[in-house]
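The residues making up each chain are set out below.
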Amino acid sequence: MSARAGRAIVVSDSEHYLLEAGRQIPPQPCAPGQLNNFLSLVSDIRQLEAGAFPFAEARQTLERGWREQSALDLLLMALDGDLEPGLREDAAQVASRLLARTEVCLAVRHRLLGTPLPKEADIEGLPETPHVTELVREASHSREMVVIANQAWDRVFWDFGHSERREIKDRCIWEGGFTALVKDLQFDPDRHFQHWLRHLGTPLAEPPVSDLLRKWQEMAGRFLEETRLCRSVGLEQEVGEVFSRSLKQVPLEKLPRNALDLSEKARTGIILHTLTLHGADPNLRRRVLDKIGVGRA
Amino acid sequence: MPFHPVVEECPYCHRLALYEDEPGCRACNTPLASRAPNVHFSERFRSALEDRYREARTEAEKNGASDSLAGLEAAASRSMAVANVDVGTACDIFSQPKYLYTSYGKLVEAGVRAPAAPEHDRHRTTVDGLLYGSYGKDIAFAALSIDGRGLTSYGSVHLELDEATIDFRATVLEDNSFHFVRRYRLVAGDPLPDGFLAPWRLRAWLAVAKLASKLRPDMTEDDFCKLLLESNGNRDTDVFLEVHVYGTFNFQAVRRVKLGALDTSSDLGEEAREVQRVRLRWLRSQLNHLSVEWSEA
Numbered sequence: 001m002s003a004r005a006g007r008a009i010v011v012s013d014s015e016h017y018l019l020e021a022g023r024q025i026p027p028q029p030c031a032p033g034q035l036n037n038f039l040s041l042v043s044d045i046r047q048l049e050a051g052a053f054p055f056a057e058a059r060q061t062l063e064r065g066w067r068e069q070s071a072l073d074l075l076l077m078a079l080d081g082d083l084e085p086g087l088r089e090d091a092a093q094v095a096s097r098l099l100a101r102t103e104v105c106l107a108v109r110h111r112l113l114g115t116p117l118p119k120e121a122d123i124e125g126l127p128e129t130p131h132v133t134e135l136v137r138e139a140s141h142s143r144e145m146v147v148i149a150n151q152a153w154d155r156v157f158w159d160f161g162h163s164e165r166r167e168i169k170d171r172c173i174w175e176g177g178f179t180a181l182v183k184d185l186q187f188d189p190d191r192h193f194q195h196w197l198r199h200l201g202t203p204l205a206e207p208p209v210s211d212l213l214r215k216w217q218e219m220a221g222r223f224l225e226e227t228r229l230c231r232s233v234g235l236e237q238e239v240g241e242v243f244s245r246s247l248k249q250v251p252l253e254k255l256p257r258n259a260l261d262l263s264e265k266a267r268t269g270i271i272l273h274t275l276t277l278h279g280a281d282p283n284l285r286r287r288v289l290d291k292i293g294v295g296r297a
Numbered sequence: 001m002p003f004h005p006v007v008e009e010c011p012y013c014h015r016l017a018l019y020e021d022e023p024g025c026r027a028c029n030t031p032l033a034s035r036a037p038n039v040h041f042s043e044r045f046r047s048a049l050e051d052r053y054r055e056a057r058t059e060a061e062k063n064g065a066s067d068s069l070a071g072l073e074a075a076a077s078r079s080m081a082v083a084n085v086d087v088g089t090a091c092d093i094f095s096q097p098k099y100l101y102t103s104y105g106k107l108v109e110a111g112v113r114a115p116a117a118p119e120h121d122r123h124r125t126t127v128d129g130l131l132y133g134s135y136g137k138d139i140a141f142a143a144l145s146i147d148g149r150g151l152t153s154y155g156s157v158h159l160e161l162d163e164a165t166i167d168f169r170a171t172v173l174e175d176n177s178f179h180f181v182r183r184y185r186l187v188a189g190d191p192l193p194d195g196f197l198a199p200w201r202l203r204a205w206l207a208v209a210k211l212a213s214k215l216r217p218d219m220t221e222d223d224f225c226k227l228l229l230e231s232n233g234n235r236d237t238d239v240f241l242e243v244h245v246y247g248t249f250n251f252q253a254v255r256r257v258k259l260g261a262l263d264t265s266s267d268l269g270e271e272a273r274e275v276q277r278v279r280l281r282w283l284r285s286q287l288n289h290l291s292v293e294w295s296e297a
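Chains A and B are the protein sequences, given in the same order.
Its first residue numbered 1, the first sequence is counted upward by one per residue in the numbering used here.
Its first residue numbered 1, the second sequence is counted upward by one per residue in the numbering used here.
Take these hints with a grain of salt, some might be off.
As the list claims (entries may be wrong) - In silico SDA-like pairs for lysine to any residue, Cα to Cα no more than 25 Å straight-line:
(1) 98/B - 215/A
(2) 215/A - 120/A
(3) 137/B - 147/B
(4) 98/B - 118/A
(5) 137/B - 44/A
(6) 119/A - 96/B
(7) 137/B - 45/A
(8) 169/A - 220/B
(9) 119/A - 97/B
(10) 169/A - 218/A
(11) 169/A - 95/B
(12) 98/B - 115/A
(13) 119/A - 287/B
(14) 98/B - 120/A
(15) 137/B - 162/A
(16) 98/B - 162/B
(17) 98/B - 76/A
(18) 98/B - 81/A
(19) 214/B - 239/B
(20) 98/B - 170/A
As the list claims (entries may be wrong) - Selected chain B positions facing chain A (in silico; Cβ < 10 Å):
(21) 85
(22) 269
(23) 272
(24) 282
I should point out that these hints are in silico values taken from the structure, not numbers from a laboratory.
For every residue, glycine included, the Cβ atom is placed at its ideal position computed from N, Cα and C.
Model the full assembly from the supplied sequences, consistent with the hints where possible.
Listed below in structure tokens is the structure:
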């Protein structure tokens, strides 16, 4: 099934059937070649049990996934400042209609709080539209916390292979883990995330993932502290850039295994470590260390 | 959204598609695809292909269709590779500069996606492997077309590939590879029937060999288009010559696009129709932005 393409192909012993989102007809028999083409072009394939003909459960999952993906795509289209205003307005209106369904709105909210809004998103030029405006406003206000949650995630889950890490992250976003953590970072520590953890379904509830989720919360809290510290010493922008660069450019697998422990030893550990490891400008490094009152390393 | 900075022009296809730190051109996949093994392989069938071509000419002459044969051969010499996708996939291709149109096997190999359920994975790789062996997984598929219209059964957006990006790495099979393998009951270890696979430059010979028996006197260009490719939306009844492109390509390999009309069938719900309309509108806008020539199909 692909939510992006709005299609699912059901494979049974004797036949292949095509399901299409938004099409009110029974499953249509299709050629096996259709499955192969589908597999080649679509990047968001999910495999699930379809049940018995006419595959009501699979259709429901497909319809829902397609609505969520379409609503998100159109919402992002409405944020694209390079597009003509009429098209943005059109996209926002159709997104708004899709988002009128509570479950679609909630899923899109989870997605928006799972990945930072692109910096080039034109929020000011967003057409005022029910649901769309509120979701974007929240994502925009939460952007810094979303960045922190993502940085902490990458650090904690780095040991997993690329596709497994991606799969766990998607699942966590989809189940509202990022939303809960971002809200805690923003307003009320421990309340949302702890509640979320208690009601987790498999496979996130199983070790080692469940343990790492707790570590993720701690790490995000620490990153938030570091950010506030940087802000308090007036070097927010400069250090922020170093943080950002460190995660984008430095191969994290080369970090020493004890990097996380090091940062726990001192309040300034991560800053010091980041500055040292990632070759920050020596003047900046000296200024940061002077400002936060630790000896020169 | 801004695209990745272009580093230099590709010396093979002359697209500005050699990006920093990437091993090959995104449009024509050189140098990775410059020694395309499928092309080398197809050369071994040249002699048998030439025999079939000459026999076809003789047959057409006997039928008084020499002029039509000349017309078909000229039209087939100008034919192009057209890959069809649905609107959603087209939006992905033209919105993500890194999106590569590639084969299923490549996607699995790259870890971009997980393999399909074992029985389907085997089916796909078996057909690719029967034709080309171990590099079958590197083949992307398209159809040979005279007028830029491809197989609507694969989607309403017709992507016409620029010859400069594929002529050195494309081969043409007389039929859909699934049907071909089935018709000749090919199993592992069987040699391919002789004279049915051609390198790109000899595609007109293959078209003549396949279609000469269907020629009548006084046929027009429009007739040749329909002879070469016929697609009414049902893959089982599609008639075409299949183009096999070794390696990947991105939007920069697309020379022209034909956009199918909006799906107005009565079984399509209002939401799906609206989403499709906005996506198509966005696609037109993006094609203009990228200076890709397009027209309504």
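Checked hints:
1. For the proposed pair residue 98/B and residue 215/A, the alpha carbon gap of about 33 Å is over 25 Å, so the pair is violated.
2. Pair hint residue 215/A plus residue 120/A does not hold up; C-alpha atoms about 32 Å apart against a cutoff of 25 Å.
3. Taking the CA atoms of residue 137/B and residue 147/B, the gap is near 29 Å; set against the 25 Å cutoff, the hint is violated.
4. Restraint check: the Cα-Cα separation between residue 98/B and residue 118/A comes to about 17 Å, which is no more than 25 Å; the hinted pair holds.
5. Restraint check for residue 137/B and residue 44/A: the C-alpha separation of about 20 Å stays at or below 25 Å, so the hint holds.
6. Between residue 119/A and residue 96/B, the direct Cα distance comes to roughly 17 Å. Compliance with the 25 Å bound is thereby established for this hinted pair.
7. Proposed proximity of residue 137/B and residue 45/A is supported: the alpha carbons are some 19 Å apart, at most 25 Å.
8. At roughly 57 Å between alpha-carbon atoms, residue 169/A and residue 220/B are farther apart than 25 Å, so this suggested pair is violated.
9. The hinted pair formed by residue 119/A and residue 97/B meets the criterion: a straight-line CA distance of about 18 Å does not exceed 25 Å.
10. Proximity of residue 169/A to residue 218/A is assessed by CA-CA distance (about 17 Å); at most 25 Å being required, the pair is judged to hold.
11. The hinted pair formed by residue 169/A and residue 95/B meets the criterion: a straight-line CA distance of about 23 Å does not exceed 25 Å.
12. About 19 Å separates the Cα atoms of residue 98/B and residue 115/A, which keeps this hinted pair within 25 Å; it holds.
13. Distance check on the hinted pair: residue 119/A and residue 287/B sit about 24 Å apart at the alpha-carbon level, within 25 Å; holds.
14. For the hint linking residue 98/B to residue 120/A, the alpha-carbon distance of about 18 Å falls within 25 Å, and the restraint holds.
15. With a CA separation close to 22 Å, the supplied pair residue 137/B and residue 162/A stays within the 25 Å bound.
16. Between residue 98/B and residue 162/B, the direct Cα distance comes to roughly 18 Å. Compliance with the 25 Å bound is thereby established for this hinted pair.
17. At most 25 Å may separate the alpha-carbon atoms for a hinted pair to count; residue 98/B and residue 76/A meet this at roughly 18 Å.
18. With a C-alpha separation of about 21 Å, the suggested pairing of residue 98/B with residue 81/A holds against the 25 Å cut-off.
19. Between residue 214/B and residue 239/B the CA atoms are separated by roughly 13 Å; this keeps the pair inside 25 Å, and the hint holds.
20. For the suggested pair residue 98/B and residue 170/A, the alpha carbons sit about 21 Å apart, so the restraint of at most 25 Å is met.
21. Checking residue 85/B against chain A: minimum C-beta separation of about 6 Å stays under 10 Å; hint holds.
22. Taking 10 Å as the C-beta cut-off, the interface hint given for residue 269/B holds, the closest approach to chain A being about 4 Å.
23. A cut of 10 Å between beta carbons decides the hint on residue 272/B: the least distance to chain A is about 2 Å, and the hint holds.
24. For residue 282/B, the interface hint holds, the least distance from its beta-carbon to any beta-carbon of chain A being 6 Å, beneath 10 Å.
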